[in-house]
Amino acid sequence: MEQILANGLYLGAQYALIALGLTLIFSLMNVLNFAHGQMYVFGGFVTYTVVAQWGLPFIVGLVSSAVILAVMGALIEKFLFRPVIRKSKRDESTMLLAAGIAFFLDAVILLLFGEKQRGVPKIVDGVFNWDMRLIMPYDRILIGVLAIALIVGFIALMQYTKAGRAMRALAQDRMAAQLMGVDVDRYSMIGFALGALLAGLVGGLLVTITGINLGMGGPTSIKAFMMIMIGGAGVISGAIAGGFILGMMESIGLTVLAVYGDITYLAIFASLMVFLAFRPQGLMGKPWG
Amino acid sequence: MNKNLVGIAAFLLAVFVLVPVAIAATGRWDLYYTLTSVALLAIGSAGVWLTFYIGRINIGQGAYALMGGYVSAVLMTKAGFSFWATLPLAGLFCAGISVLIGLPILRLRGVYFAMITLVLTEVTRLAALALPVTNGAKGITSIPLPGSLSVFGITLIPDFATMANPKLGFYLLAAALMVLSYVVLWRIVNSRPGHLCRSLQQNEELAASIGVNTAYLRVLTYAISSFFGGLAGAVFVAISQSIYPSSFAVADSVNFMLYCFVGGLGYVTGPMLGTFVLYFGWDLLSIAKQYQLLVYSSLMIAMMLVLPNGLLSLFDRKGGKK
Amino acid sequence: MLRRTLLKTSALAAVASIAMLGTAFAENPVLKIGFVGVTSGPAAAWGTSNQRSMETRAAWINETGGYDIGGTMYDIEIVSFDDQKDPKRAIAGMEQMAQEGIHYVVGPNVDDGAAAVRPVAEQNGIMYFPYAFPKELYTAPASNAVLGMVANYQSGPAIYKYLMENNGVKKVAFIAGNESDPLSQRDSGSAAAKALGLEVVSDSVTYQMDTTDFTPVLLPVIQSAPDLLVLSGVSPANAPQLIRSARELGYTGLISTETAQDAAVLQEGAGELANGFISVGGASTPELASDMMREFVERYTAMFGEYNDESNTKVYALEYILATIAANPAAMTDVEAFKATMDTFEAPNPYMVGDAKLKYVGTTSFGQKRQVSVPLVVNVFNNGAFETMFVAQVD
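Heads up: the protein sequence lines correspond to chains Z, U and B, in order.
For the first sequence, my numbering assigns the number 11 to the initial residue and increments by one for each residue that follows.
For the second sequence, my numbering assigns the number -3 to the initial residue and increments by one for each residue that follows.
For the third sequence, my numbering assigns the number 30 to the initial residue and increments by one for each residue that follows.
Quick caveat, the hints were computed from the structure, so don't treat them as lab data.
Errors might be hidden in some of the hints.
Taking lysine-lysine pairs in the BS3-like style, the calculated list, with each CA pair at most 27 Å apart, reads [as the list claims (entries may be wrong)]:
id: 1; chain 1: B; residue 1: Lys223; chain 2: B; residue 2: Lys200
id: 2; chain 1: B; residue 1: Lys61; chain 2: U; residue 2: Lys285
id: 3; chain 1: U; residue 1: Lys134; chain 2: B; residue 2: Lys223
id: 4; chain 1: B; residue 1: Lys61; chain 2: B; residue 2: Lys368
id: 5; chain 1: B; residue 1: Lys190; chain 2: B; residue 2: Lys200
id: 6; chain 1: B; residue 1: Lys164; chain 2: B; residue 2: Lys190
id: 7; chain 1: Z; residue 1: Lys99; chain 2: Z; residue 2: Lys88
id: 8; chain 1: B; residue 1: Lys199; chain 2: B; residue 2: Lys223
id: 9; chain 1: B; residue 1: Lys368; chain 2: B; residue 2: Lys398
id: 10; chain 1: U; residue 1: Lys134; chain 2: B; residue 2: Lys164
id: 11; chain 1: U; residue 1: Lys74; chain 2: U; residue 2: Lys134
id: 12; chain 1: B; residue 1: Lys398; chain 2: U; residue 2: Lys134
id: 13; chain 1: B; residue 1: Lys190; chain 2: B; residue 2: Lys223
id: 14; chain 1: B; residue 1: Lys190; chain 2: U; residue 2: Lys134
id: 15; chain 1: U; residue 1: Lys74; chain 2: B; residue 2: Lys164
id: 16; chain 1: B; residue 1: Lys200; chain 2: B; residue 2: Lys398
id: 17; chain 1: B; residue 1: Lys386; chain 2: B; residue 2: Lys190
id: 18; chain 1: B; residue 1: Lys398; chain 2: B; residue 2: Lys199
Estimated spans, in silico, between C-beta atoms of each pair [what the hints assert, rightly or not]:
id: 19; chain 1: Z; residue 1: Leu66; chain 2: U; residue 2: Val95; range: 57 to 67 Å
id: 20; chain 1: B; residue 1: Asp97; chain 2: U; residue 2: Val147; range: 57 to 67 Å
id: 21; chain 1: B; residue 1: Ala414; chain 2: U; residue 2: Ser282; range: 42 to 52 Å
One side of the interface only, derived from the structure: several residues of chain B facing chain Z at Cβ under 10 Å [what the hints assert, rightly or not]:
id: 22; residue: Ser69
id: 23; residue: Ala72
id: 24; residue: Tyr182
id: 25; residue: Val246
id: 26; residue: Gly305
Built from N, CA and C at the ideal position, the CB exists for glycine as well.
I would like the entire structure built from these sequences, with the hints used as guidance.
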């Protein structure tokens, strides 16, 4: 039981971090960023290149992932999403743009980093073993703690800084925020950059444990979508809750339903559909987001 | 109106006469399959377009294509049905399922509906893997080609297995189904329920307040949409003579949606054009070798920047109506 | 063709093919061989190693003057099509091959694609060499598909038997990705293990292909305490993570798979935890590789920057096609002649030391010779490289 909970917590922390970036972008611009998973993969490959290929310390890799992805996010917002949102008749058109960017990043990743699975050597050796009841490698604990620290840092940023307040205002009511003198364009760009940065950070963190390959982008996006659906789209606390809930569901489901094997994920997905049918706005979302 | 009729006549002439003649003349027989795919995928995207019409982003058409394919495959291999009988049954089965699924989920809007349909695609794939009737992971293979179809002793369609060129047969079948689907689509859009649908797209509460039965309209539209998906899936199964849980996946669902966007959400023929451009575009770009995906996606992004309302918005007059 | 200019042009061709990536340029007639497989998206690794090994070999042949078929030197051109792992696209790819007048195609890489292209291949007289295991592709009435590698239902039993006899394995557990290919391989593997008298303690656990943490997945499997953990149809991306999670959960038994893996990927992803991992490979372990295999690896690395150990099993299909056509030049445009030749074809295997032969096999599994005979080399991973565990033959 302890093992199941620990697995769920670890999974939840990494999921929540992925979902945070996605939900931030969604809340600010009403854009469902299909390319979020690809950004995560890109971040992972940057860390891999810096750490495994150039032999620099892990923290350098992590920082370069964050910086490169933040710049990429800012550019994507300024030169792609902003003009398209301004010109298109229907909000949904940004989905095509996001999908186009996802394909584009896939292609770039394949050309730059190749088709192989990549990984960074373990940053900490050893396994924590509590009497065979709870087994957790130290690097996993470290990454889990880092992920939770980043989540806390992110919440603090949103709560207590000027930029954070501006972004929360934007998310609540774009028009009102503009009238109150918030520079909408600037904070949309910062928000997008921050969302991309988070994706890059998760990629950098997880490359040490799960490794990275170019196929992980699409499925990661979809998982992140599910998390923000559970919690409620565009709500920061919802994304965190969604991440931990999905992590727990997987951890428990995989153990309890192991004998039925093939249907674990069928059960998870089907129950998610039923849940959303009864509570369309997720746990904490605004209705009709 | 006359101008429209001329256009439609020209289109039909091109599809049913000029294309086969041109292919026979140039010997590019491989184009038949490409065009058949375009026609079938266009049927599926017609359905997605219809759900867009009531203001719902549908990323679940792959699920219905897969279901339709399995209905057709199972009926043919296990119950000995003729392909021609399974074709409408596949559509009807999907329509029926979509009513059951649609009743709860059509209350959702925006990204919530989009996401739940995306999850539906994955659920369908996993169900196909787990259910015994689908033969699970091993798929259903060696499905016979469509037999002959005769009514009152008159053979309308010959047996595909005896055809000199089954590719042409499939092409004509797919093209005919596509034309039929778009006629239906056009009729719906230009009918009273169609106008009501448009009111749903704009403001659902307002529509409901003036007495439109919104729930009924939504489910009806979604059922028609899913019927199209099932139809497309069933014909694909007949061509590949096999079906696997992965025959239609999330990528297909996303593509169906993209086809609609590229063509333009405001135009009945938008999904057809979008399917043609994206599918053909990918094939043409194979000359770019390892840069194929890069060029393809760059063009897609560029198109979005120039024509965010779809290719057909090119023909919009300034200030013209949507 | 023009014999007088042959010397000049072949010199030119040599320069050109070094400069450009194997573009056929000489005066030699060109023989086109197709490839339909996945080279983009999540499964890009499978098709890419395949396509690259074909292109490496083709460039090599062209550089050294072409391939001798019936006294004429042919340049080899590889025509590739990316099917994006979509069976519907694979059909389009096969149609394109037919359009180009190609009769020999390598691929597709997965079950659904291989099944979907069958009607097109049979209608257009194309022999194709899939890397997919369903038996109905190779048993009559199907006759145009040739299995390009050793199937898991052939290698699996050999491995289990060896481990039973040499390592005293009694209890075996299977884990598979929730997708057609791995699930089918798990089912046949589990059946084979039971037939050998092994106790199957777990064969129902599956994982999603995009799993990022395998600990919860593996937990129930490890608790069933197997001596041997089989990763059925595991993709190179998932293998190191599975191994690592299993070891970190305290599993000490053996781990094996029936698919080909890449040593560098294992080393990066699992490091020394992957030591002792058993997989099936081609013939490039130092003890078995011939000079030609070593040169192939060198050329591949020079062309594409980095070698992929999966290519060891994928170098063969093209070699078989060319050698069989050379044995019966009529087969170049007539696949019936090719099929007739298959029954008796035999040639030395240039990639292995010793007297290994290239020949078609599969009578036991399929009732007809519809499989290339590739040495079944079972490897053990050790500190970043593969070592040969044992070699067997499939009949």
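Here's how the hints hold up against the structure:
Proximity of Lys223/B to Lys200/B is assessed by CA-CA distance (about 10 Å); at most 27 Å being required, the pair is judged to hold. For the hint pairing Lys61/B with Lys285/U, the CA-to-CA distance comes to about 16 Å; that is within 27 Å, so the pair holds. Taking the CA atoms of Lys134/U and Lys223/B, the gap is near 20 Å; set against the 27 Å cutoff, the hint holds. Using a Cα cut-off of 27 Å, the hinted pair Lys61/B and Lys368/B holds, with the two alpha carbons roughly 19 Å apart.
A distance of roughly 12 Å separates the Cα atoms of Lys190/B and Lys200/B; the hinted pair therefore holds under the 27 Å criterion. Distance restraint check for Lys164/B and Lys190/B: the Cα-Cα separation of roughly 22 Å lies within the 27 Å cut-off, and the hinted pair is therefore satisfied. Distance check on the hinted pair: Lys99/Z and Lys88/Z sit about 19 Å apart at the alpha-carbon level, within 27 Å; holds. At most 27 Å may separate the alpha-carbon atoms for a hinted pair to count; Lys199/B and Lys223/B meet this at roughly 11 Å.
Restraint check: the Cα-Cα separation between Lys368/B and Lys398/B comes to about 9 Å, which is no more than 27 Å; the hinted pair holds. Restraint check for Lys134/U and Lys164/B: satisfied, since their Cα atoms lie roughly 10 Å apart, inside the 27 Å limit. Restraint check: the Cα-Cα separation between Lys74/U and Lys134/U comes to about 15 Å, which is no more than 27 Å; the hinted pair holds. Only pairs whose Cα atoms come within 27 Å are accepted, and Lys398/B paired with Lys134/U is accepted, the gap being roughly 23 Å.
This hinted pair checks out: Lys190/B and Lys223/B have alpha carbons roughly 11 Å apart, not beyond 27 Å. Restraint check for Lys190/B and Lys134/U: the C-alpha separation of about 26 Å stays at or below 27 Å, so the hint holds. Taken as a hint, the Lys74/U and Lys164/B pair is honoured in the structure, with Cα atoms around 20 Å apart against an allowance of 27 Å. Note on Lys200/B and Lys398/B: the hinted pairing is violated, with a Cα-Cα distance of about 34 Å set against a maximum of 27 Å.
Only pairs whose Cα atoms come within 27 Å are accepted, and Lys386/B paired with Lys190/B is accepted, the gap being roughly 25 Å. Taking the CA atoms of Lys398/B and Lys199/B, the gap is near 34 Å; set against the 27 Å cutoff, the hint is violated. A hinted range of 57 to 67 Å for the beta carbons of Leu66/Z and Val95/U is consistent with their spacing of about 58 Å. For Asp97/B paired with Val147/U, a C-beta distance near 60 Å keeps the hint of 57 to 67 Å intact.
Checking the proposed 42 to 52 Å range against Ala414/B and Ser282/U shows it is violated: the Cβ atoms sit about 37 Å from each other. Of the supplied interface hints, the one on Ser69/B holds, with its beta-carbon coming within about 6 Å of a beta-carbon of chain Z, less than 10 Å. Among the interface hints, the one on Ala72/B holds; its C-beta lies about 7 Å from the nearest C-beta in chain Z, closer than the 10 Å criterion. Given hint, Tyr182/B at the interface with chain Z, is violated; its Cβ is 20 Å from that chain's nearest Cβ, farther than 10 Å.
This hint holds: Val246/B has a C-beta 5 Å from the nearest C-beta of chain Z, less than the 10 Å allowed. At about 18 Å, the closest approach between the beta carbon of Gly305/B and any beta carbon in chain Z exceeds 10 Å, and the interface hint on this residue is violated.
This entry does not satisfy hints 16, 18, 21, 24 and 26, going by the numbered hints stated previously.
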